[in-house]
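Residues 1 to 223 in the numbering used here are what the sequence shown spells out, letter by letter.
Simulated from the structure, these hints should not be mistaken for laboratory data. Check the hints yourself; a few may be wrong.
[As the list claims (entries may be wrong)] Ranges between beta-carbon positions, derived for each pair:
id, residue 1, residue 2, range
1, T50, K123, 54 to 62 angstroms
2, P118, R31, 40 to 48 angstroms
3, S204, K158, 27 to 35 angstroms
4, N202, S44, 29 to 37 angstroms
5, A151, H128, 25 to 33 angstroms
Just so you know, these numbers come straight off a predicted model, no measurement behind them. The C-beta atom is built at its ideal place from N, Cα and C for all residues, glycine as well.
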Amino acid sequence: MKDFSDLKSFREKLKEDERQRAIEKAVRERRERIERENAVEFRSAVKDVTPIPESDRYVWRPAREAELRASSTGQRPRLPEDEVAAVLRESMLSDQFDVDGLLDEDPTLSWSAPGVGPDVVKKLRKRHWQVEDELDLHGYTRDLARRMVDAFLRRSSKRGVRCVRIIHGVGYGSAGGEPVLRGMVHSWLVQTAETVAFCVANRSDGGNGALIVLLRPALEADD
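Please model the complete structure; the sequences and the hints are all you need to start from.
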């Protein structure tokens, strides 16, 4: 029995090590992706600036304290909790999530979380809550749009914002004129803890090219 227990513990340790390596790989890839995106934004911002002569340049490459300490001891570095949480959360938002069966079957398309009364969507359509912030997804790729929506919802909820507008467009500029992002945004919203309900915007707020989203307060979303 002791041998069996040891084998079970060994297998569990292998699984945990494999999971940790996968998380570390995802964190590294996320850092590299953010660095690439930041580099693109930086180059765009300084495109008209005169470069410093090569001889006067100094490139500073800060090393993370935890990584330096780990490399000297041979131990695996402890990853920042916020980066691990971000990676795990991003992996949970699926583009293949089937949302069609969850949406109200009406021309003004809407959705509300389980336990939310129908009056909430009615109030949302009638602008009972004032739109406090918005996110415009025009020009974004699907992957970048997913991350933008996720970050926008979390940030808005933490700030205490209750109602936001997400502009996804109607698809006229996409291949085949199909509104790809619209369906994706519906799917992402249904999967996030911050979303209480959403509906298609009124014509004055963007019509079929936008959604009005009601958010939970931060404490409720974290439960």
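What are the numbers of the hints that this structure violates, sorted from low to high?
Violated hints: none at all, because every hint is consistent with the structure.
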